[in-house]
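Colleague: Quick mapping for you: the protein sequence lines, in order, are chains A and F. The numbering of the first sequence is the numbering used here, which starts it at 1 and goes up by one. The numbering of the second sequence is the numbering used here, which starts it at 336 and goes up by one.
None of these hints come from the bench; they were simulated from the model. Backbone N, C-alpha and C define an ideal beta-carbon position, used for all residues, glycine too. Keep in mind that a hint or two might mislead.
Stated by the list, open to error - Residues of chain F clear of chain A, computed beta-carbon distances all greater than 10 Å:
1) Val361
2) Val368
3) Pro382
4) Ala383
5) Glu385
6) Ile407
7) Leu411
8) Leu539
9) Gly544
10) Gly577
11) Ala583
12) Ala654
13) Ile665
14) Phe671
Unchecked claim - Here are the simulated distance ranges between beta carbons:
15) Ala398/F x Ala99/A: 33 to 39 Å
16) Pro205/A x Leu490/F: 57 to 63 Å
17) Ala365/F x Asp100/A: 34 to 40 Å
18) Ser402/F x Lys277/A: 45 to 51 Å
19) Gly551/F x Arg288/A: 29 to 35 Å
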Amino acid sequence: MIRRVGTLAVCLALAGCGAAGEAPSADAVTAVTVKDCAGQDMTFTSVPQRVVVLDGYAAQSMVRLGLGDRVVGVGFTKPFSVEKGPIQAELQRLPVLAADSVPPTEIVAAQRPDLVLTAFADFGGAPGSPKEADLATMDAQGLAACTPTATSPTEAAKPLTDLSPTYDFLRRIGQVFRIGNRAEQLISELRAREQAVVAKAVAGPRPRVLILPDNPVAGQPVPTSGPATIANALVTAAGGTNVFADTAGMHSQVSPEMVAERDPQVILVITDYSFAKAKGQALVDQVRANPLLAGTTAVRTGRVLSASQYVAAFPSPLNVDALEQIAGDLRVDGP
Amino acid sequence: MSVTGATAVRFRLRVGTVPYAVVLGVLSAAVLVSVVIATGIGPVRVPADEVTRVLVHHLIGGADTASTADLIVWRLRLPRVLLGALVGAGLALAGAVVQSVVRNPVADPYLLGLSSGASVGAVLVITTGVSMLGALTLPVAAFAGAAGAIAVVLLLARHRGRLLPLRLILVGVAVGHLLGGFTSFLLTRAETSSAQQQIIFWLLGALSGAHWGLLGVPAVVVTASCLLLVIRARRLNVLVLGDEAAAALGVDASRLRRELLLVTTLLVGTVVAVSGGIGFVGLIVAHLARMLVGADHRRMLPVTAALGALFLVWADVAARMLISPTELPIGILTAFLGVPFFLLVMHARGLAAEGAP
């Protein structure tokens with residue numbers, strides 16, 4: 001479902017820089033300070049040696065930075081399923097603590113980690129998964145990917161129109177492991193690919209896109225993704241306009257009437273969410289056949305695209321693969 | 336006699352006449368044994384002798400060690416089990432008092448809008464990212480929310496200077512719904528999955544955030560409230576007879592109600608702040624206690640506290656282990672046990688009412 005345009009190029013570039021680049025060293029003594037998602041300083045006095053990665057998104061970042069050997073355990077490995085490139089084998093070698101969920105605190109603690117990583121902002125796993133207080137109890141530091149958040153209940157978070165959360169996370173991991181150059185190189189590779197997509201998109205018309213994480217049901221609000229999400233960034237950078245960029249919340253609920261009024265020209269189905277009624281292509285087929293959406297230009301002209309949540313929902317280097325695929329699909333027979 | 340009392344007496348006759356000291360002694364021992372056993376159960380397997388060794392090491396004054404068993408048993412698991420016991424006891428006591436204060440056997444602290452208030456306070460902090468008091472921000476906000484909610488309920492439930500039980504319930508339910516709606520509104524605006532997960536915590540509850548530093552305040556508040564309530568137990572017995580009977584016996588019902596609700600707010604605010612919205616403990620445990628030792632609050636309140644502790648310690652073990660390694664929010668388990676019991680109580684209440692002269 002996901003086209004792996006450019007994956008090979010990045011992997012080759014990484015292999016090259018991995019061979020010639022810095023190696024994280026245990027005896028580095030210079031303290032490094034990075035910001036957490038709340039903007040507070042976090043100081044790392046040594047290079048982490050035992051890393052628990054709570055989810056497959058953050059694991060992608062670690063492995064692409066050549067830090068797979070530091071990972072003593074990984075949780076929620078479902079995002080690995082979309083990785084078809086050469087790093088698939090390395091991802092599969094990581095010790096799995098819990099495949100379907102973020103591992104609970106005790107299981108993480110038993111690994112005696114000195115660093116816990118997650119792509120979920122503020123360690124927001126399900127109840128029982130480690131939070132910042134738990135990390136303090138187990139003498140570990142924590143590093144999370146950050147996405148924009150609201151500053152008050154009445155103001156929505158800043159819209160996300162590029163993949164800066166992904167780059168920011170890679171950069172902070174690079175700083176903590178004292179491999180800043182390698183991280184910057186990966187970031188510039190990814191950013192170059194993002195900018196190539198954006199450059200092409202600027203020239204063309206901007207189709208109106210409805211993002212759907214699930215198939216809407218009659219009589220209930222339509223689920224969609226708000227402006228402060230990776231999905232919104234992907235649609236915008238790919239040259240589309242999220243028709244509900246004015247809503248709030250990661251999973252927003254909008255009225256079916258508004259969907260009709262805003263008449264999306266393209267529907268982007270984000271598949272593989274655990275709460276969705278069907279998985280993968282089955283969900284896309286349901287959306288295509290949904291009478292609620294039959295009147296939209298998108299369904300009438302057959303322009304229903306899809307991308308997995310494993311590449312399009314949380315900060316990960318695979319966001320760029322999703323971007324290239326969505327941009328390619330948007331251009332085909334575009335308005 | 337109130338409906339609560341009538342139901343309890345019926346059950347009590349069925350249970351028989353086990354001496355009160357025996358019941359309380361057995362329950363207290365059961366709490367202690369359960370705490371030790373529950374500390375030995377978790378997703379990471381720690382052999383029983385290792386658990387015993389760690390506990391004994393610390394109980395004779397040993398310091399934290401670098402061993403993984405010490406980290407898991409002493410620093411992660413035991414605080415969680417103890418927090419479960421405290422929260423269970425606190426919620427159960429609060430439930431028992433609210434049922435007597437509003438003279439309704441299916442009342443619980445949540446009926447008066449307390450937990451909805453606490454949730455709104457906490458969720459407001461989560462969604463706005465305000466952090467004035469550091470790690471204490473969330474618990475303090477939850478407590479302030481609960482206190483604010485009960486203040487509004489008390490204000491609106493007053494009628495000509497008196498607090499009427501039915502009015503209290505109606506106003507409590509209405510305010511609770513309003514605040515619940517507000518929480519849901521904030522949920523729909525949560526920008527990240529982490530904010531949504533935290534909000535689930537405040538709606539369904541969890542003991543997973545427990546650590547030693549979190550235990551002090553609930554321990555003091557639950558113990559002090561329990562003592563205070565036992566001292567007030569005789570007057571509570573009078574309160575359930577009705578306002579007129581209370582007045583005849585020299586008890587100012589409205590004033591006593593206010594005083595008891597303040598204690599309840601302190602209890603609920605404190606435990607909700609550390610464990611989120613764990614439902615139904617307050618509803619079911621007091622009824623179990625009445626079945627065992629009768630409706631006399633002097634006997635019933637200590638048993639309620641012990642049963643609440645037992646119930647939540649084991650509910651949390653189930654929450655940790657049923658679908659391990661994922662955890663269930665504990666509120667789901669207490670609801671699974673609580674809802675059938677709720678229906679049973681309503682059924683029994685109906686029969687008792689019909690059977691009453």
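Colleague: List, from low to high, the hint numbers that the structure doesn't satisfy.
Modeller: 6, 7, 8, 9, 12, 13 and 19
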